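*Asks:* Chain residues, written in single-letter form:
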Amino acid sequence: MSFRQISDIAGSAMAAQTVRLNTIASNLANAQSAAGSEAEAYHARKPVFAAVAHGGDGGQRVQVLDVVKSTEPLRKVHEPDNPLADEEGMVYYPNVSPVAEMTDMMAASRAFETNVEVMTRVRGMQQSLLRMGKEG
Amino acid sequence: MAIDFTKALGVHPQALALRARRTEVLASNIANESTPGFQARDLDFAQALSQAADEAGDGPALDTDDALKYRVPYHARLDGGTVELGAEQAAFSQNVSDFQTSLTFVNMKLRGLAKAIEGQS
Chain A
1 MSFRQISDIA
11 GSAMAAQTVR
21 LNTIASNLAN
31 AQSAAGSEAE
41 AYHARKPVFA
51 AVAHGGDGGQ
61 RVQVLDVVKS
71 TEPLRKVHEP
81 DNPLADEEGM
91 VYYPNVSPVA
101 EMTDMMAASR
111 AFETNVEVMT
121 RVRGMQQSLL
131 RMGKEG
Chain B
1 MAIDFTKALG
11 VHPQALALRA
21 RRTEVLASNI
31 ANESTPGFQA
41 RDLDFAQALS
51 QAADEAGDGP
61 ALDTDDALKY
71 RVPYHARLDG
81 GTVELGAEQA
91 AFSQNVSDFQ
101 TSLTFVNMKL
111 RGLAKAIEGQ
121 S
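Those protein sequence lines, which keep their order, are chains A and B.
Reminder that position 109 of the first sequence reads as 109 in this note's numbering, one-by-one numbering, no gaps.
Reminder that position 25 of the second sequence reads as 25 in this note's numbering, one-by-one numbering, no gaps.
In isolation and in its complexed conformation, chain A is listed as follows (with noise of 0.2 Å):
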């Protein structure tokens, strides 16, 4: 039996939901962080995952392979009174969708929540398993 095996997928998958909500947490803190040229600025971060054989049953576990910087162009705004504004007075602001981050985390959390059950029904089976041949 491998129950073992199947924690270790759900808990990889846990560990990579964490990784984007962790992610998400940075974009949308930093949505608003200005800068004074565009490679200072901050860029949306997005993981990368992959999926990676796990046991020779055919399993295949979460993994994140790379965390990348959003290539989306940079908000540029013109506020010449900003301590941080260029010669031009120009400042830039993160390539940050406040949208698409809130519902990247609702995604993110609900795939979090879906591995926890799977957890929690694994256990169940083991559990009912161990009690094999017992009364009642």
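Note that these hints are calculated values from the structure, not bench results.
Here the structure is a predicted model, which is why all the values come from computation and not from measurement.
Glycine residues also receive a C-beta, built at the ideal position from the N, C-alpha and C atoms.
Don't take each hint at face value.
Example chain A residues on the side facing chain B (calculated, C-beta under 7 Å, incomplete) [to be verified]:
1) S2
2) A10
3) G59
4) V62
5) A100
6) A111
7) R121
8) M125
9) S128
10) G133
Let chain A serve as the given structure and place chain B on it in line with the hints.
*Replies:* Relative to the frame of chain A, chain B by itself:
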């Protein structure tokens, strides 16, 4: 005359092992819901069980790699992934119930054997 446990328990131990295996495959699908391009798979249970029953000798020889099929999704997704959470959750839930059913059968058989060994009810 000794009791042959393999014969006495019938196909149920193999069904249990296959159910556990299917749980792993379905858990992988659910875990990789947000992995781009992930191809959801499922165990063809009937085929795997009949194969396991044919090969049944001393123990369950579960050579079920052929029985892992790719899931045909209801809707296409942009990233190429074929995991549909609703379908996977339903299959997972049903599989857990079926696992408990097989386990109940094994338990009933074991209790019957225990009664036969004790010789009294």
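*Asks:* Next, verify each hint and record whether it holds.
*Replies:* Tested hints:
1. Nearest Cβ of chain B to the Cβ of A/S2: about 5 Å, under the 7 Å cut. The hint holds.
2. Because the beta carbon of A/A10 sits about 6 Å from the nearest beta carbon in chain B, less than 7 Å, this interface hint is met.
3. At its closest, the beta carbon of A/G59 sits 5 Å from a beta carbon of chain B; the interface hint therefore holds under the 7 Å criterion.
4. Hint status for A/V62: holds, given a least beta-carbon distance of 5 Å to chain B, under 7 Å.
5. The interface hint given for A/A100 is broken, as the beta carbon of that residue sits about 14 Å from the closest beta carbon of chain B, more than 7 Å.
6. At about 5 Å, the closest approach between the beta carbon of A/A111 and any beta carbon in chain B falls short of 7 Å, and the interface hint on this residue holds.
7. The criterion of a C-beta within 7 Å of any C-beta in chain B is met by A/R121, whose closest approach is roughly 5 Å, and the hint holds.
8. Satisfaction of the interface hint for A/M125 is found here, the shortest Cβ-Cβ separation to chain B being roughly 6 Å, below the 7 Å cut-off.
9. Because the beta carbon of A/S128 sits about 6 Å from the nearest beta carbon in chain B, less than 7 Å, this interface hint is met.
10. Interface hint at A/G133: satisfied, since its Cβ lies 4 Å from the closest Cβ of chain B, which is below the 7 Å cut-off.
The structure shown violates just one earlier hint, number 5.
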